[in-house]
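Listed here are the chains, written in short residue letters.
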Amino acid sequence: MYTEKQKLTSADVKRIAIVANIIIVILFSVLLFAFWNIQVLKNQHYTKLAAGNIRKEIIIKAPRGMILDRNHERLSENKISFNLFLIPDYTENLNRAIDAAARLTGMSKKEINDTLEKYKDFSRSYAIPLKKDLTLAKAIYIESRADELPGFEINIEPVRDYPYEGMASHILGYISELTPMELAKKVNDGYRLGDVIGKSGVERSYEEKLRGVDGARNVEKDNLGKIRVVLGEAQPTIGNTVVLTIDMELQKFIEEIFREYNGVVGVVDLKTGGILALVSTPNFNPEFFSGVMEKSQWEALVNDPASPLQNKFVQGLYLPGSVFKIVMTLAALQENVIQPSTTSLCSGVIDIYDRQFHCWNRGGHGTMDLYEALANSCNIYFYRLGKRMDIDDIARYAKLMGLGKPTGVDLPNEKTGMFPTRAWKLKTLKQKWFAGETVSVAIGGGMMQTTPAQVLSMICTVALRGLTPQLHLMKQIEKDGEVIEEFKPQFREIPIAKENFEILIEGLYRVVNDNGTGRAAQIDGLDICGKTGTQLILSLENPKYEQLVKQKRFMPHAWFASFAPRYNPEVAMVVFVENGGEAGAVAVPIAKKIYQKIFNRQ
Amino acid sequence: MLKDTFSFFDKFTFAVLLALTVSGIVLIYSASRTLDPAYFSRQLLWFFIVVIVFFFVYRIKTELIFDYSFPIYVGIVALLALQLITGVIIAGTKSWIKMGFFSIQVSEFIKIPMALYLAKTVTKITLIDWRLFFKLLAIVGIPFVLIALQPDLGTAFMLCSFLLMIAIFKKIRTVIIVFTLLTTAAGAFIGWNYVLKPYQKDRLISFINPGKYRKSSGYQIIQSKIAVGSGGLVGKGFLNGTQSQYKFLPTRHTDFIVAVLGEEFGFLGVSFLFVLFFILFYRQFNIKPQSDEEFYYAYFFNGFILFQFLVNILMSVGFFPIMGIPLPFVSYGGSSLLAFFIGEALIFRVKTNTFLND
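These protein sequence lines are chains A and B, in that order. For what it's worth, numbering that gives the first Met the number 0 labels the leading residue of the first sequence as 0, then goes sequentially. For what it's worth, numbering that gives the first Met the number 0 labels the leading residue of the second sequence as 0, then goes sequentially.
Since the hints were derived computationally from the structure, they do not count as laboratory data. Be aware that a few hints might be false.
[What the hints assert, rightly or not] No farther apart than 20 Å at their CA atoms in a straight line, the calculated lysine to aspartate or glutamate pairs in the EDC-like style are these: (1) A/K119 to B/D201; (2) A/K208 to A/E477; (3) B/K123 to A/D98; (4) A/K596 to A/D194; (5) A/K424 to A/D392; (6) B/K287 to A/E259; (7) A/K13 to B/D291; (8) A/K60 to A/E259; (9) A/K78 to A/D194; (10) B/K169 to A/D11; (11) A/K549 to A/E259; (12) B/K119 to A/D11; (13) B/K170 to A/D392.
Chain B extracted, bound-state conformation (with noise of 0.2 Å):
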């Protein structure tokens, strides 16, 4: 059984998701050397715990996995309602979880149960009515209210990929589209007004006109436009980016790890990556999946790691609002790396399942 899994393994895309951690513990190493090198040992620390706990999962039955998916939500969820209520009592610390050397970001998991439940619920469905619209939304928007409360904005605007992929998908009543549309109006109007924080719409529309937000929110879009563009064809070289080594980008291991890439390795760097990335996106959108649940959650799960890939990249350049988001696989980020590595095991087991019955 263990050769059969491992014989039709899909060694290619692997090699390619290495490519991307590996591509991204280099660039984290040029871009901690002035931060804080620890960044550095970390991820690759964490580079080795991931692969071990991606053969793990990757080994267990996909029907296993789905019938456990809903107890594994509602768990995540719990832990995040936790961590909002101790947060309150322990002020500042609502994301993580300390232990010892690591700290784990709970949120960052929520978006595996969360593909596996909604594939589960949407299989062997055309269209949506009412009822099941409702349950949809829930399913997304109390972890997103969770998130959203620690705040983080960001993580939690990531799972409404979730809701349009199951749009696309999905026929959907036309009443429940308009409903839809005006309430996300009135409710962007009352959030805007009412409910976001100064620095979180500075962050938002500082995108559109970064000079006027120079130096606060749009400092960082500027700087890391300036950072890319100024990298040219072919890069400054390994470790001799001005501006990131200068410590103009104060989060150029997370968010703005483009932009090291950017600078020191230019167009070419920035292509290689994007190769990469298309490699992965291609051969897991070209599956021949053996259920439907199984279909639902491999595109589910590669939408969004398309989607986090897409916001992260146009942020880097400018075209998007900051969000706080890392770039999947190469930022800096255990959690994210593992959270990735785990759903990704899912998606290549899904993957071998089609020739184990076949």
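Bound conformation, chain A alone (with noise of 0.2 Å):
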């Protein structure tokens, strides 16, 4: 604790003041010397990051693909859209600007600045883009006050059109932009954040081919943003066009009959495995997607149980009911199980395994053979066959004629379907098959699931007499007006006797022309061959089954598989009724009015 006062001698301010004036020159010199590195002989290197900083790449948009049907009409095309962004470190005050853009958009702030809050981690000088599709005044209204409205830009993109409007849009899908998720996957392919993407349909199956190539333009700014010079530019490359095998015509004409109806209409051309028409109903308008959708719009669209989202061709699951007969009548033939002779009783009612299963038919049909069977769909006659197969033999066929497996269409999430076995109900229920599920499954009921365009391929199969077309809706794709790839018609042979089809074949013309269940599709002149399939939502079992039916959501959903002609076959089809009722009544009078059209055209 010992302190000393002592005065300053000037002795010692002399000796500071030299301490200080070395400390000083010192520091000086150093920061002389920092300086001359940086401006002088850094000087080229800063110049060029300086430029760097006014200079800006401006990407130009490339127009997607077209999407044309058979006869090159356009479905889906482009047409230009005015959109406007905003440049935050161009504006001079963001608050303002944001209130600007809210009064000439109709944007509510909120959105706009959550669209901000999107690029925050981009630089301040990125163009933001607010919104598509402004009208021709307002963007020449903007453009014209570029002085006011400083950060503000107009560029011109092109966007996706449909002619069709609604038309077709199961077989079109929509675009719109990418997810987050989706950008962290597809990020190494060039795509940015704000790009489009096929989201179902066409336009995501050949999102590769539609997508074109970006350009580029690289420009000198001023610190309004306002171009000074362009230095380069690379043009974009326009996606290719997409060709279907769509008819339009035919589709038109299936959209309207169909309007009232929930379910799916497929038309395929049996010469290539072509589809000429495609309709799931409840649709949806692709151009909705390409604006920026109200939430409640799509939660509208997506919580309606009706779902217009879904491709129902594709995507619905359901039971095949009767049509699955087809494959019963194949497997029992080719297992020389029965003959076409074979005959069977019925009375409406049959005792299985201690059970009851009714026919349709209450007072049953008396004695049929198997043609009478087919065309009348007789259910006591396919529970006996179903008593005497065993399920994994009715697998195999099944599989063999296409259900329960994926067709292959190009059409994005097809679903896989199933059909049971022994060995996956062990694996996946933990039971052992019971033969009474076996009675169920003869009849298309049970545990089975398909797709409408499995019933299609099966259908298409047994036209052609053992050999499945490749469904497709591409027909080729052009760029610049040539053809740059085909589809290659492609046909497998399955196992089953020929002769086994032409028994088949001969009931299902009965089921037509023969007073059958399908009488109400016959044309003079054309030999239309089909099966109907009433698939019972409620159990005949069910004692309350009357009452119950008249209900809407009760009433059975309703299936005609046909094809026409019966020699040298041409087209092939499905008819499916969501809760349409009985098959006969409702499914099978739309497949006629779509014979009449097709083939009074030729």
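Starting from the two chains in their separate frames, assemble the complex, guided by the hints.
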């Protein structure tokens, strides 16, 4: 604690001053040297960087390829969209700019802020897309007032246009912006925030072909964001054109007559396997997705119990009902379980394994052979078959005919469906297969699941007497008017004797032409063959059946799988009406109208 | 008497001060053109105010100043504390007191009574012991904490220069030095891990690798270097600084005024500024003061200016973390300008006193 008070002498002061002088001389020398280094020695380096600050690369968005029908009708094309961009760095007052943006676009300030938030990690001089598809008048208004509205930019971009509006929506699908998750996966393919991608349908399955190659323009901008010099430009490349097998006139016709129903209609050209028309209802308008959708609109679409966003052709899973009798017939014939002449007596009900199984005809059909059983869709006949056959054998034939496996059609998210086997049941449900279950399977009930696409594939195989065509939508891909890729039709042969098919087809002929369940489709001069299926929602065994089945939601689904003409068939078709009621009353007449349209043209 | 004070008035150094301030105004004109032209007019107005205040302060007897140094110190500390408290009540307004057209930044003014009072305390002492150590720590520390809580770490940090200078001038017991080093290390550790906010931490380390932080705190450093570096030998010309004009540097009228200087007037412009500052520091370190207190005060305050000058310059070329510190006399800031001019007035008086009483 010893402190000494001592006054400073002038010698001290002098000494301190000298030290101070030395220090400041050294400091300033170092500083001068540092600045010399940066300003003179490294001048070029920094000048380049300075230029880099004002040089910008502007992306020129490429137009997407068109989608055409087989006659080159435009189903999905591009139009010019005027888009508004905001560059925060060039605005003088960001809040005022946001207010102006809200006024000009009609967007809420919250929406605008949310958009800006998405781009918060980007450079402050990045052009943030605010609103697409401004009217020409608005675009001109904003362009002409660039001085009052610094930081706003108008760009021209190609966007999707659908000349046929909501038609063929499930074939075409829709496009919209990539979600952050999708972006993360696709970043190596050159997708950027704000890009669009096909989300469903052909837009998605052929995304790579349809997507163009963006161009770029290198410019120098001044501090107001105005372009002063264009240094270079690379033009964008338009995407390839996808030509579909679809015939738009037929498609329009079917959409019109099918409008009041929920379900699927699919028509195939048997020469190639190309799909001529495909309708899944209810549907939606793809243009919905090209703008900013209201959250309520999106939720309405997603939560609609009729599933308008679902392509029921490949995503709807149903029981095939009596249409499955096709498989049973082929399986039984091929395994020599029956002959065409094999008869059985239908009295309306049968006792199997101590259970009662009813025929849909309560009074009974009487004695029937195979052809009559098919024509009248007698359940009893097939219950007996089910009793005599093993589920695994049936499963094998089901798979051969295309049920329980994807068709491979070029639409995204095709469901596989399912066909039960002993092994499957043991593994999944940890139970042994009960023989009684085979009886339900025999008429297309039980635990199987198929899509309308699979049913269509099956009837094609029947029509072609054992050749399964590859169902497809893409006919060819074109670039600059030249065909660069063509779909080569493929057929797979399945090991079932041709005679057995002919036997089956005789039965299917009688369904339509011999007063069978499909008689409503009979057309003179056209030998239509087919099989109806009335897929019950309620069991016939249900005591309240008669009463409940009057309600729409308990009405059975209606199937009709058919082809024409009988010899050298040209066209196959599946009609599926959800809760349609009796197949013969609903699905079959629709098919007739379509056949009339198709063959009258010829 | 009036004549006396003005016959010995150091006109040359005063001219340097004016030159610095005017240079600042010129640069602010360029810098604020695309920001807010009000900055220029306000700085101009402050210029006239501070010159008038300068002469009023210059006329005051230094003994009086030293006598009142402690009460003034306490007064400003009280104001700082009050600001913090009202800041809690009125969120966000912790550093400025608005008075109509002007805003006063109270923290800028603490350096004057602090320098005075420290000088007084340290005079005639050869060795610093524990008691004195803690006293000095308190004198600097209390305002430091109050300002740091505003939060304004940069301005608070500048006050540490006083401690540095005291350490240079006075012998300290070794124990105390060791103790200080250890507690500083511990404090830095705690501060880094528990006290500093992420943006403050980023600011501190981004100068090492600004590229890594180029979208946040590193951005300013990179832009400043680009502006300075692209200026070359003679600069791009007045009002032609593309980087500064193009709003790549938002704080170019305050922290990064050197970027505007470097870009528009080049190495020659920067050297000119350095020459002015050098003259200032040189002439204020080489004095023959009348009393020890005056000596210490002059050195403390001059050293403070030198310290702040260094930090700002180094910051603008990426050799120091971003501190939010303006360049004395040159950067925009009325309170800063006024505080420095008042302190300068006292130094000038100290110099004049040599001749007055001999």
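Of the hints given before, which are not true for this structure? 3, 4, 6, 8, 13
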